[in-house]
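Top to bottom, those sequences are chains A and B. Just so you know, the first sequence maps onto residues 1 to 341 in the working numbering. Just so you know, the second sequence maps onto residues 342 to 682 in the working numbering.
No lab work stands behind these hints, which were simulated from the structure alone. Idealized CB from N, CA, C, for every residue including glycine. Keep in mind that a hint or two might mislead.
Unchecked claim - Calculated lysine-lysine pairs in the DSSO-like style (CA-CA distance at most 30 Å, straight line):
id, chain 1, residue 1, chain 2, residue 2
1, A, Lys276, B, Lys617
2, B, Lys668, B, Lys652
3, B, Lys668, B, Lys505
4, B, Lys505, A, Lys164
5, A, Lys164, A, Lys134
6, A, Lys327, A, Lys276
What the hints assert, rightly or not - Incomplete in silico selection of chain A near chain B, CB under 7 Å:
id, residue
7, Trp43
8, Val76
9, Asp275
10, His283
11, Phe285
There are 2 protein chains.
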Amino acid sequence: MRGVIMESAGVVRVEERDDPRIIEPTDAVIRITTTCICGSDLWPYRGVVPVHHQVMGHEYLGVVEQIGSAVTTLHVGDHVVGSFCISDNTCEICRAGYQSRCVHGEFVSQHIGTQAEKARIPYADGTLVAMPGKPDADLIPSLMATSDVLGTGWFGAVAAGVGKGSSVAVVGDGAVGLMAVLAAKQLGAERIIAMSRHPERQQLAREYGATDIVEERGDAGAERIKQMTGGLGVQCAVEAVGTEQSLMQAVDATRPGGHVGFVGVAHEGVALPMDKMFAAEVHLFGGPAPVRRFLPELIQLVWDRKINPGKVFDLTLPLERAAEGYKAMDERTAIKVLLTL
Amino acid sequence: MRGVIMESAGVVRVEERDDPRIIEPTDAVIRITTTCICGSDLWPYRGVVPVHHQVMGHEYLGVVEQIGSAVTTLHVGDHVVGSFCISDNTCEICRAGYQSRCVHGEFVSQHIGTQAEKARIPYADGTLVAMPGKPDADLIPSLMATSDVLGTGWFGAVAAGVGKGSSVAVVGDGAVGLMAVLAAKQLGAERIIAMSRHPERQQLAREYGATDIVEERGDAGAERIKQMTGGLGVQCAVEAVGTEQSLMQAVDATRPGGHVGFVGVAHEGVALPMDKMFAAEVHLFGGPAPVRRFLPELIQLVWDRKINPGKVFDLTLPLERAAEGYKAMDERTAIKVLLTL
Numbered sequence: 001m002r003g004v005i006m007e008s009a010g011v012v013r014v015e016e017r018d019d020p021r022i023i024e025p026t027d028a029v030i031r032i033t034t035t036c037i038c039g040s041d042l043w044p045y046r047g048v049v050p051v052h053h054q055v056m057g058h059e060y061l062g063v064v065e066q067i068g069s070a071v072t073t074l075h076v077g078d079h080v081v082g083s084f085c086i087s088d089n090t091c092e093i094c095r096a097g098y099q100s101r102c103v104h105g106e107f108v109s110q111h112i113g114t115q116a117e118k119a120r121i122p123y124a125d126g127t128l129v130a131m132p133g134k135p136d137a138d139l140i141p142s143l144m145a146t147s148d149v150l151g152t153g154w155f156g157a158v159a160a161g162v163g164k165g166s167s168v169a170v171v172g173d174g175a176v177g178l179m180a181v182l183a184a185k186q187l188g189a190e191r192i193i194a195m196s197r198h199p200e201r202q203q204l205a206r207e208y209g210a211t212d213i214v215e216e217r218g219d220a221g222a223e224r225i226k227q228m229t230g231g232l233g234v235q236c237a238v239e240a241v242g243t244e245q246s247l248m249q250a251v252d253a254t255r256p257g258g259h260v261g262f263v264g265v266a267h268e269g270v271a272l273p274m275d276k277m278f279a280a281e282v283h284l285f286g287g288p289a290p291v292r293r294f295l296p297e298l299i300q301l302v303w304d305r306k307i308n309p310g311k312v313f314d315l316t317l318p319l320e321r322a323a324e325g326y327k328a329m330d331e332r333t334a335i336k337v338l339l340t341l
Numbered sequence: 342m343r344g345v346i347m348e349s350a351g352v353v354r355v356e357e358r359d360d361p362r363i364i365e366p367t368d369a370v371i372r373i374t375t376t377c378i379c380g381s382d383l384w385p386y387r388g389v390v391p392v393h394h395q396v397m398g399h400e401y402l403g404v405v406e407q408i409g410s411a412v413t414t415l416h417v418g419d420h421v422v423g424s425f426c427i428s429d430n431t432c433e434i435c436r437a438g439y440q441s442r443c444v445h446g447e448f449v450s451q452h453i454g455t456q457a458e459k460a461r462i463p464y465a466d467g468t469l470v471a472m473p474g475k476p477d478a479d480l481i482p483s484l485m486a487t488s489d490v491l492g493t494g495w496f497g498a499v500a501a502g503v504g505k506g507s508s509v510a511v512v513g514d515g516a517v518g519l520m521a522v523l524a525a526k527q528l529g530a531e532r533i534i535a536m537s538r539h540p541e542r543q544q545l546a547r548e549y550g551a552t553d554i555v556e557e558r559g560d561a562g563a564e565r566i567k568q569m570t571g572g573l574g575v576q577c578a579v580e581a582v583g584t585e586q587s588l589m590q591a592v593d594a595t596r597p598g599g600h601v602g603f604v605g606v607a608h609e610g611v612a613l614p615m616d617k618m619f620a621a622e623v624h625l626f627g628g629p630a631p632v633r634r635f636l637p638e639l640i641q642l643v644w645d646r647k648i649n650p651g652k653v654f655d656l657t658l659p660l661e662r663a664a665e666g667y668k669a670m671d672e673r674t675a676i677k678v679l680l681t682l
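Full structure from sequences and hints, please.
Here it is as structure tokens:
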């Protein structure tokens, strides 16, 4: 089968590799119908994290081709969405809602790589969710979004404690930040402040429910948000970048007792000054999103056409042209790239 | 009146200074009957934070001597406990339960200093809580504890999400850590693991409800706790030290999705590695404890003799001998020192 390999930083190829097969009785093999490129794929692309001949991709829609003997909830031919983390969905951690840290967990990006024609998915019952049927073509981008970017933005909003009537700031106007805006709206937020300097992203943020846009960054951005919220700061902030500056921008924009949800992938060297955290007195929570927790609800919202997260895909390419997609996201000429098969 | 002054690092004196008087109509002036020395007083004592001719003390029991014209809930002669943070208890932040970050807030330690015969307490209605009557002498140490150290340990346990059936680790065996053990027990925790190497503190931790003691520190300590909790880690950890090592010990001992409450005062330079926090996926919350939120309940628990937090005071000295008390706590020959007037 064909699949994307990142040979080294900035070098993306589509190569032939072995077809996957069932190994464990809890496995499924799926034929991938749609996949995409994630903002986190840019870290190795840019050389921020080391990479050598790495399979790529962790977001995927597919059709079940084979199931192991222990798989009970899926059938051959089912149209499925999968999470970017493998989870058994039965362990104590999964049952608490943290499927991204399942005791049997692994990242799909590590050894599976779904920018490919097929994939073996371990713990298929706990990782894949069947759609109600064969999806209409116009729903594909939005269903694709549920697999990671929407689930991650949604988790950011949940981690930030967003609820009915909340005031929310979103730091980061990439796909995840935009999805956090959508999630905040769905979760009942009253005021949603998107922090963005890009006119097209501001426009999309407004479509997804942003009530205000703040262009200032850093201390000036946080100060602006305080002014807009009676001097107190927002109740909830979602951080979707992963740098110390963006984290502190979120913390400083949040009132004492408020919540910061962080879903930007923080790399080695990003450190939070704890004297400031002690003084700020805000709740902090984040990490890899337990997308599996939210998938059934998010798939249904898309299926019922109540949300349209797929708009974050502003470039569609066939899998064979994946390298162009990486380049476009790296150069920020595209927010997020859909890959078709 | 007489009051403690820290002239410079390590130099503590009791000096004459002006009697306080009512300035604002929301003020009360109280005669202090009992005060004490806080672990956080050791930071300037040890030169970790700069100090010059600073009034000291922020924990206090007293009797109301005068009230301003706008004070409504207190009367002259009332026996009161006060919080170490001034709070109006009516602003949006206070109403959300974060009185330590009241919009009119200030630290009692900054300009008031309750290691003294009297104090002016701003926003008296929002800061002081009247006891049901004149306290019995044997209740004094426990009532004193409610003013900060118990309230802080209690907040640590609440911030760590401790509830019925929780598994809890407490990092730090100082007074606050011991109070967090007591709080965890009261809040219904099933398993309470105290991390301590000091036999007397281990003993007190057990009296307060610790079910297990772990002597290992750092990675070894966290690993030991994971072994004790089915490989997962505890649901809740309270950090009561304030260093990066102790924070990471708490984080590493906690399962994904669990909660770390931090009440150890973190100073400049203490930084949390966010790549590890992202991977750990634990909730983090802490800061100066909103003791005022808990005071009515804690005072009643002491009054009804349901808890005995006063045991953390293992040395009692008259105010005039405060310097000896600082020395004893600095040298760890005393856990916490009560000062009588």
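Worksheet item: Broken hints, numbered, in rising order?
Response: 3, 5, 6, 7 and 8
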